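Student: Residue-level listing of the chains:
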Amino acid sequence: MGESPSSQVFFELEGLISDALQVISYKWLSRKFSISSNIAKRLLERFVTQNPQLDLEIVYAVSGYSKTDPEYYSIQLVPKSRLEGARAALKENPSVHVYSVQRCLPKDPAQLWSADFVQSLELFNEPPDVSNCLRDNRFSAVACDAIQRSLARRSSGSTSSPQASAPDIKPHVGPHTHPARPVSDVRQSSLFPKHAGVDMKPVKHEIPAASPAQVNLPPKEACSDIKPIKNEPPPGSEPNVNAPKPSILSPATGKRKASGSGPPSGGNGGGAISNLWGKAASKPKVPSPPRATEPPPAVMVAGVAEARIQAMEAGVYSDEDVEQHALSRTRKSTGRRRMIVEDDDSGNEEAAEDEEMIVRLATPDSPQDIKPQVCNGQTIPTRIGSKRSEVHPKPTTPELEPPSNILQDKNTMSHNPQPAKSVKKEEEADEKSNSIARESPGSRGGPKRKKVMHTRIDEKGREVTEVVWVTEGEESVANDQTRQLATAKHAAPTNKESDSKTSAERSRPAAKPNAAPSKAPAAKGGKSTGKSGGKHQGSIMSFFKKQ
Amino acid sequence: MFSLIIAVLRILKLSGFEAGGFVQLFGVLDEMEEMDIDVIQRVQATYVSHNEKFELKKQKYKGQQYSQLYFFRLTLTRKFLNPRVQERWPSYPVTNILGLEEGKVCVVIGTLYKQMKLKPNILDEYSKERSVVGLVAPSNFTDADDYLILEDESGRVKLVGDCVTPSVYVTGVVVAVCGQAGKDGEFHVDEILEPGLAPQPAIPEKKSDGDKYVALVSGLMCGGSDTNPLQVQLLVDHLTGHLGEVQEQSLSAQIVHIVIAGDSVQLQAQALHGQPLSSKEQHKLIEPVKELDLVLTQLASAMPVDIMPGAKDPANFSLPQQPLHKCLFPGATTYSTFVAATNPHQFELDGVMVLGTSGQNIDDLGKYSLADDPLDLMERTLRWRQIAPTAPDTLGCYPFHDRDPFLIEQTSPHIYFCGNQDKFSTRLLRDKSIFTGSKGEAVRLVCIPRFAETGTAVLVSLKTLECQCLTLSTSLLEIQSPDDM
Chain A
0 MGESPSSQVF FELEGLISDA LQVISYKWLS RKFSISSNIA KRLLERFVTQ NPQLDLEIVY
60 AVSGYSKTDP EYYSIQLVPK SRLEGARAAL KENPSVHVYS VQRCLPKDPA QLWSADFVQS
120 LELFNEPPDV SNCLRDNRFS AVACDAIQRS LARRSSGSTS SPQASAPDIK PHVGPHTHPA
180 RPVSDVRQSS LFPKHAGVDM KPVKHEIPAA SPAQVNLPPK EACSDIKPIK NEPPPGSEPN
240 VNAPKPSILS PATGKRKASG SGPPSGGNGG GAISNLWGKA ASKPKVPSPP RATEPPPAVM
300 VAGVAEARIQ AMEAGVYSDE DVEQHALSRT RKSTGRRRMI VEDDDSGNEE AAEDEEMIVR
360 LATPDSPQDI KPQVCNGQTI PTRIGSKRSE VHPKPTTPEL EPPSNILQDK NTMSHNPQPA
420 KSVKKEEEAD EKSNSIARES PGSRGGPKRK KVMHTRIDEK GREVTEVVWV TEGEESVAND
480 QTRQLATAKH AAPTNKESDS KTSAERSRPA AKPNAAPSKA PAAKGGKSTG KSGGKHQGSI
540 MSFFKKQ
Chain B
0 MFSLIIAVLR ILKLSGFEAG GFVQLFGVLD EMEEMDIDVI QRVQATYVSH NEKFELKKQK
60 YKGQQYSQLY FFRLTLTRKF LNPRVQERWP SYPVTNILGL EEGKVCVVIG TLYKQMKLKP
120 NILDEYSKER SVVGLVAPSN FTDADDYLIL EDESGRVKLV GDCVTPSVYV TGVVVAVCGQ
180 AGKDGEFHVD EILEPGLAPQ PAIPEKKSDG DKYVALVSGL MCGGSDTNPL QVQLLVDHLT
240 GHLGEVQEQS LSAQIVHIVI AGDSVQLQAQ ALHGQPLSSK EQHKLIEPVK ELDLVLTQLA
300 SAMPVDIMPG AKDPANFSLP QQPLHKCLFP GATTYSTFVA ATNPHQFELD GVMVLGTSGQ
360 NIDDLGKYSL ADDPLDLMER TLRWRQIAPT APDTLGCYPF HDRDPFLIEQ TSPHIYFCGN
420 QDKFSTRLLR DKSIFTGSKG EAVRLVCIPR FAETGTAVLV SLKTLECQCL TLSTSLLEIQ
480 SPDDM
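Protein chains in written order, with numbering that gives the first Met the number 0: chain A, 0 to 546; chain B, 0 to 484.
In short, the hints are calculated from the structure, not lab data.
Note that the coordinates shown come from a computational prediction; the quantities given were computed from them, not determined experimentally.
Heads up, a few of these hints could be off.
The list that follows gives simulated cross-link-like pairs (lysine-lysine, DSSO-like), each with its CA atoms no further than 27 angstroms apart [claimed, not checked]:
(1) B:K422 - B:K462
(2) B:K56 - B:K311
(3) B:K366 - B:K116
(4) B:K103 - B:K182
(5) B:K311 - B:K118
(6) A:K90 - B:K422
(7) B:K211 - B:K422
(8) A:K66 - A:K90
(9) B:K325 - B:K289
(10) B:K366 - B:K118
(11) B:K462 - B:K157
(12) B:K211 - A:K90
(13) B:K289 - A:K106
(14) A:K90 - B:K462
(15) B:K157 - B:K116
(16) A:K66 - B:K366
(17) B:K103 - B:K116
(18) A:K79 - A:K90
(19) B:K211 - A:K66
(20) A:K66 - B:K462
(21) B:K366 - B:K311
Given these sequences and hints, build the entire structure.
Tutor: Next up, the structure:
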């Protein structure tokens with residue numbers, strides 16, 4: 000029980016560090032896998048000692064009383080090369096532990112901070128009535144019972160007299176108000192790291208009815224299954240709340256790179272990789288009826304790859320967003336001017352998000368895109384069934400597959416998710432250039448243009464006014480098309496799969512007559528376009544550029 | 000449910016699924032959990048806020064001037080001075096300035112006014128002729144030609160004499176002077192008597208053997224372009240008990256309270272240009288505050304936090320600064336441990352009285368008087384019983400009409416801090432001749448450095464008033480010599 004999570008963790012860490020070049024700090028680890036930060040430190044240390052071949056840069060936290068007079072308590076982050084020096088400057092018995100592990104030392108120390116920051120921001124942005132590890136400090140080694148958290152404080156009571164708004168206990172006040180620290184929580188969550196990571200809610204009402212089935216699965220499998228679930232936006236939450244998670248998973252393609260370039264085995268970490276591939280390879284041997292209907296490539300890597308594709312699909316947008324956010328903060332320390340530029344981007348987040356939605360609609364579905372959804376329909380019933388059956392075949396497959404086999408799998412891996420992203424990007428780029436090319440003649444003042452206003456009530460009862468520039472003769476056509484575009488936009492999330500192809504085709508011609516709805520009051524999509532379309536004529540261009 | 004899981008695992012184990020490593024690692028993780036079970040409990044202290052006098056709740060501005068503030072200052076301080084004067088000069092009469100007689104030794108109690116040549120005057124800006132004063136604003140406005148004037152309700156008189164040291168005093172200090180009036184309306188001072196430190200209640204004896212600390216930090220400057228966010232995060236991690244091994248965590252468990260003394264955010268002020276802000280600019284403006292809220296949320300989830308406004312915070316300018324509005328911190332406000340405090344902030348922790356400011360009072364004293372060290376300035380304010388003597392004169396201040404909130408009326412604090420100083424310095428003020436009451440009194444003076452520049456927070460023991468620094472540094476990560484690479 001203990002083994003699988005830790006080796007899975009190590010495996011995942013390896014991927015993140017060597018390919019995603021992510022900084023893994025003990026705190027990130029503790030929150031990610033819902034273990035206490037002291038365990039996370041030890042886990043990280045074990046990871047470092049077990050994987051010397053990775054040639055990782057380690058940052059230590061060294062703390063203790065200084066030898067200077069007057070003495071002070073010093074806490075320093077030091078790279079491995081300076082560890083001894085830093086240690087020597089302190090009095091006997093300094094406290095030393097691994098702070099973070101990364102591929103190379105960042106030039107700007109703030110980069111060590113940004114990964115943590117993105118994670119805490121994500122927890123911070125969860126709905127206020129949710130208790131999570133940021134809000135109750137549950138992974139700390141120091142507990143404080145006196146703390147109460149109550150949303151009532153926000154609306155009532157003066158901040159300077161905390162006694163005033165005392166115990167109007169809310170149901171969610173959570174584990175931390177209990178006199179005894181819920182140690183069991185920590186334990187429990189460390190037993191099921193993956194599971195606890197899925198819903199960051201208080202461990203108490205964790206384990207909903209459905210979860211035991213997943214926990215019962217062989218842990219590795221369970222892990223890869225839970226991932227996609229994680230990535231599906233929970234109904235009430237904002238998209239950026241779970242944004243960073245995909246970013247964690249997306250380097251899946253990178254893992255392949257590392258294991259291909261580096262020596263495939265050596266140490267336990269290597270073993271973990273081969274285990275995973277071995278498992279993937281073993282799957283085709285077990286014919287599982289529902290999967291037979293799927294296209295062949297999906298069968299090859301079903302368990303892992305489909306999750307990743309899904310993750311990637313969900314993460315196309317959010318990846319960039321989050322990275323940018325972290326990046327902007329990191330760069331802040333270098334100069335103000337730069338930061339403003341970054342901020343401009345982040346300020347457009349909302350607009351970008353909407354645009355992205357349209358883009359996704361407009362992008363013709365590649366087979367990979369459809370696949371996850373097909374799987375999704377089947378997933379829950381199939382997986383539980385198939386997992387049971389997989390338990391037995393696994394031992395029969397040798398732990399280390401022949402290298403050729405591994406390579407083959409890697410190839411399929413590389414073929415699957417990678418194109419999904421790149422194809423999409425290409426298409427985006429195509430479309431960008433297309434739309435620019437198409438609209439440019441129009442905007443430069445084609446022979447005869449006319450401004451037409453259409454006001455109508457859409458299906459949600461909002462008044463939508465569309466300002467359309469039409470070249471004469473094309474008027475009626477363009478009109479139709481813009482209207483379709485608008486409806487497609489509103490209906491976006493629901494008929495994503497079925498309509499996306501058609502709506503994509505519709506939206507392309509719509510781009511031809513320099514058209515943009517200028518005003519769509521409450522509509523989210525309309526807002527951004529309206530902004531660009533309504534104020535300045537020139538910034539219509541930006542709308543199309545984003546596509 | 001558990002049995003189910005264990006059953007499955009047993010199957011796995013029996014079927015030889017990586018059996019070797021399984022058992023081994025299982026043991027290790029198990030051991031880790033065992034070690035982690037002993038969570039340290041944070042020590043607690045009873046907290047009482049004494050900020051009522053700094054709050055503007057009941058104040059209504061009706062166009063009043065500052066005269067009432069000066070009046071209250073004089074009459075109240077006279078109450079403190081009278082017994083000292085009786086003790087010191089029992090034979091001399093106490094008169095007002097109008098009643099001075101030439102050649103007769105007497106004692107006068109009044110408010111000092113310091114005539115300064117270099118003191119900036121708002122009228123200079125509007126004068127027709129170019130002023131002689133240099134264009135470069137000096138950081139200190141004292142001059143050798145400055146002189147002191149004593150004022151009371153009846154009149155004013157210029158103070159002369161060897162013991163008069165204008166560089167030490169500032170406008171607004173109430174003192175008693177002993178001397179005699181001269182021919183030309185001057186007063187020849189023989190001695191100046193200050194109110195002296197207020198009596199101090201003894202720190203209640205604690206049976207518990209463990210020490211308790213209060214953490215003081217200022218100048219976090221969240222969101223600033225030059226701020227290293229990692230440093231702040233390290234501080235948070237240390238205080239909340241994440242960082243370090245067990246011995247370090249047991250240290251942080253002894254910290255019962257943290258006070259953030261001003262300048263916690265650095266707002267992008269250039270975004271404000273008097274015109275409606277676009278959402279982009281609003282976002283830019285609010286980002287540092289959000290970052291601070293995240294810091295505060297983490298702190299408040301682990302320990303009691305007081306945050307005071309400072310000169311650069313989104314709060315009112317004039318002292319006493321009112322608490323930062325809770326809507327700035329939607330995350331941290333939900334905690335019972337989060338307190339937004341006024342700027343001069345006074346509170347009690349386990350009977351230890353703590354008083355402090357975000358530094359404006361001391362900074363202003365530094366401009367209008369001379370001292371080797373901000374600690375000297377702090378000590379003077381305690382002896383004057385007036386934490387912001389320059390307040391209505393050169394320091395923005397609300398025109399109170401019923402009190403002088405900056406007066407130290409009843410008790411001297413045990414810990415007196417001042418935020419946003421250049422460097423950390425501390426002193427235990429333990430002069431028996433200064434204290435008017437019984438022995439054993441002592442005030443711990445603390446200058447809290449700006450955290451963003453120094454990475455230093457200050458821990459003060461509530462038991463012994465000993466003071467130690469907590470320095471967090473990431474500088475070793477930055478400088479990479481080629482040998483290290």
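Student: All the hints need checking, so say for each whether the structure fits it.
Tutor: Hint by hint, here is what the structure shows:
no.: 1; hint: B:K422 - B:K462; in the structure: holds (24 angstroms)
no.: 2; hint: B:K56 - B:K311; in the structure: holds (23 angstroms)
no.: 3; hint: B:K366 - B:K116; in the structure: holds (13 angstroms)
no.: 4; hint: B:K103 - B:K182; in the structure: holds (12 angstroms)
no.: 5; hint: B:K311 - B:K118; in the structure: holds (23 angstroms)
no.: 6; hint: A:K90 - B:K422; in the structure: holds (23 angstroms)
no.: 7; hint: B:K211 - B:K422; in the structure: holds (24 angstroms)
no.: 8; hint: A:K66 - A:K90; in the structure: holds (6 angstroms)
no.: 9; hint: B:K325 - B:K289; in the structure: holds (12 angstroms)
no.: 10; hint: B:K366 - B:K118; in the structure: holds (9 angstroms)
no.: 11; hint: B:K462 - B:K157; in the structure: violated (46 angstroms)
no.: 12; hint: B:K211 - A:K90; in the structure: holds (22 angstroms)
no.: 13; hint: B:K289 - A:K106; in the structure: holds (26 angstroms)
no.: 14; hint: A:K90 - B:K462; in the structure: holds (24 angstroms)
no.: 15; hint: B:K157 - B:K116; in the structure: holds (15 angstroms)
no.: 16; hint: A:K66 - B:K366; in the structure: violated (36 angstroms)
no.: 17; hint: B:K103 - B:K116; in the structure: violated (31 angstroms)
no.: 18; hint: A:K79 - A:K90; in the structure: holds (19 angstroms)
no.: 19; hint: B:K211 - A:K66; in the structure: holds (23 angstroms)
no.: 20; hint: A:K66 - B:K462; in the structure: holds (24 angstroms)
no.: 21; hint: B:K366 - B:K311; in the structure: holds (18 angstroms)
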